[in-house]
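Chains W and E supply the protein sequences, listed in that same order.
The opening position of the first sequence corresponds to residue 1 in UniProt numbering, with each subsequent residue numbered one higher.
The opening position of the second sequence corresponds to residue 1 in UniProt numbering, with each subsequent residue numbered one higher.
Simulated from the structure, these hints should not be mistaken for laboratory data.
Heads up, some of the hints might be wrong.
As the list claims (entries may be wrong) - Quick list of in silico lysine-lysine cross-link-like pairs, BS3-like style, CA-CA up to 25 Å:
1) LYS90(E) x LYS141(E)
2) LYS72(W) x LYS99(W)
3) LYS261(E) x LYS90(E)
4) LYS351(E) x LYS99(W)
5) LYS261(E) x LYS85(E)
6) LYS72(W) x LYS351(E)
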Amino acid sequence: MPETKFTSDHEWVRLDGGVATIGITDHAQNALGDVVFVDLPEIGREVTAGEAIAVVESVKAASDVYAPIAGKVVAVNGALADNPGAINAAPTTDGWFFKIETSDSGALDGLMDETAYAAFVDTLA
Amino acid sequence: MADSTESLLETPLAGLHRELGGRMVPFAGYMMPVQYPAGIMAEHLHCRAAASLFDVSHMGQAELVGEGAAAALERATPADVQVLKPGRQKYGLLTLDDGGILDDFMVANLGDRLFLVVNASRKHLDLPRIESLLPAGVTLKPMPDRALIALQGPQAVAAIATLAPGIAALSFMSVGAFTIAGVPALVSRSGYTGEDGVEVSVPAEDAERFARALLALPGVQPAGLGARDSLRLEAGLCLYGNDIDETTSAVEAALTWTIGKRRRTEWNFPGAERVRDELANGTRRLRVGIRPEGRQPARGHTPVHAPSGDAIGEITSGGFGPSLGGPMAMGYVAREHAGDGTPLELMVRGKPLPARVAPMPFVPHRYAR
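Required output: the full structure, derived from the provided sequences and hints.
What follows is the structure, given as structure tokens:
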């Protein structure tokens, strides 16, 4: 299993064979509360790192989800349309948002590992 | 978040909220629980199924005393206050001279005085405004040493009546004084969730003991401001600052029912000229309910377009209705687009989301009529 990396925007990223799977962290889903809708990007869209490409809506509010790396969107989690609650129930597995194909094998180098992300979250409390 | 929370006030229940795991956020100058560990969805559904306790102590409470207090208050509102019998309460608007809405409020006739509840965010404006309109002999007394607790839901009255059986006999929008768990309490059969229930004013020093006594009752769970907001929106009720404000009139806001029949012959309330004209000639815009198609919510400030692309209004409150099982909104649209079923486009992040004008409430009221 490839290592999971984290952004300061509370996305997690797992890169496997040039394709990164991206979702939001358990901390993020907990802060958002009950998720009721997700607006996912078009497959085939070229995105830049840091670009807002999806929106997650909770009962309370709408929040942007950013592309942590540059590349092309090659898959989105269509199951979230009928079951957005998967983002709350299983944020780092079934609740994934989209996959981005990248040619940059070092794309995740600047992101946090799990220990660093946990320490980062502690600074927000 | 750069804003300092140091200057924010707390209600007498702040310690209890933290003990219960409440997530505290700044609201109207107070640190208030937006939700507890159960979450907004569960708290909302619990209120519709059983009974939920809300701390609304941030709201302003005041007494109006003296000969002619009801007539005096009518200088600040188009509500018919004089028609209120002892033990009865009503909802009304405080209006400005130009017809804008200063606030919405509740007024109860307690026999020897009137009891007012106003919004937290507006109390610093409401009370001086009312005071400035009072004749000699009528006095407004703010009650900063009181807490206000709402118990809402189909099991709310049965639950609290185990502590004070007389409460069960109150009809909707009636008030009475009771001793509950040893605490002197002013109880009104009212609320702002669309459910049956009560709002209870108690001395601040007794508030925590009183709240704990309610939370110990079967079926009662705490709920935060998040659930209160989704419940009131499902019930089609306005939130001051979102759905009504100093620019909106009672007629535009579809709140003409708060203007007393007698007041419509006397036309002697602040803003009467505008209201009279709008009742006769109609308004350019109207507050309506809106149902987006699909599951995507549209939030406050979302622009509303006609299918032709013309901008015709704006959403003032919008979200997801847990009991409704879908998105819901209210807002203002041009009068010719205000009919039930009229197709609209909500411009959510620049993309049109199809929607229709829909009757409110979105979830039927269950008041104890």
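Taking the hints in turn, this is what the structure says about them:
1. LYS90(E) x LYS141(E): holds, 19 Å
2. LYS72(W) x LYS99(W): holds, 8 Å
3. LYS261(E) x LYS90(E): holds, 14 Å
4. LYS351(E) x LYS99(W): holds, 23 Å
5. LYS261(E) x LYS85(E): Since the Cα atoms of LYS261(E) and LYS85(E) sit roughly 16 Å apart, the hinted pair holds (cutoff 25 Å).
6. LYS72(W) x LYS351(E): holds, 22 Å
When held up to the earlier numbered hints, the structure conflicts with none and fits them all.
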